[in-house]
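J.: Can you build the whole structure from these sequences, using the hints too?
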Amino acid sequence: MELNQTLMETQNTSNFNRQKFEREEAYLRAEKRLKELKGFYWHGFWYIVVNIFIICMIVFNGGNFFSFGTFATPIFWGIGLAFHAMTVFGVDLLFGKAWQERKIKEYMDKERQNF
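Sequential numbering of the sequence shown, starting at 1, is according to the UniProt record's numbering.
Treat the hints with caution; some may be incorrect.
Distance condition first, Cα-Cα at most 35 Å in a straight line; then the derived DSBU-like pairs of lysine-lysine [claimed, not checked]:
1) Lys97 / Lys20
2) Lys97 / Lys110
3) Lys97 / Lys35
4) Lys38 / Lys97
5) Lys103 / Lys38
6) Lys35 / Lys103
7) Lys38 / Lys20
8) Lys35 / Lys20
9) Lys20 / Lys32
10) Lys97 / Lys32
11) Lys32 / Lys103
Hints in this document: simulated from the structure, not taken from any laboratory.
T.: So, in structure tokens, the structure goes:
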């Protein structure tokens, strides 16, 4: 009887430790995800601020607004920002699982109407 109780206590302790470890792992993953999101939002903020500043400097200094130099930084930095977005939100940002499920349902509904 005492052996069973000891085994159950050991098992309960083991389950508790496993649950605690899983919670800590989930917390660390969530914290990492939050840091990635925060980094992306700061990247987007500085992208907007710096590019507005550059364009204003060109316009107020009498530069040609419609030249490649005016839009070179926003274009190339924008490409970098797009890659940053893909690393944070995943490559299936545009055509993710929700989009696929909607399209499958849409095609199935069309098929059902045709028959």
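J.: Taking the hints in turn, state whether each one holds.
T.: Each hint, compared with the structure:
Proximity of Lys97 to Lys20 is assessed by CA-CA distance (about 31 Å); at most 35 Å being required, the pair is judged to hold. Only pairs whose Cα atoms come within 35 Å are accepted, and Lys97 paired with Lys110 is accepted, the gap being roughly 20 Å. Between the alpha carbons of Lys97 and Lys35 the distance comes to roughly 24 Å, so the proposed pair stays at or under 35 Å and holds. With a CA separation close to 24 Å, the supplied pair Lys38 and Lys97 stays within the 35 Å bound.
For the hint linking Lys103 to Lys38, the alpha-carbon distance of about 31 Å falls within 35 Å, and the restraint holds. In summary, the hint linking Lys35 to Lys103 is supported, as the alpha carbons are separated by about 32 Å, within the 35 Å threshold. Proposed proximity of Lys38 and Lys20 is supported: the alpha carbons are some 27 Å apart, at most 35 Å. Distance check on the hinted pair: Lys35 and Lys20 sit about 23 Å apart at the alpha-carbon level, within 35 Å; holds.
Our distance criterion of 35 Å between C-alpha atoms is met by Lys20 and Lys32, whose separation comes to about 18 Å. With a C-alpha separation of about 22 Å, the suggested pairing of Lys97 with Lys32 holds against the 35 Å cut-off. With a CA separation close to 32 Å, the supplied pair Lys32 and Lys103 stays within the 35 Å bound.
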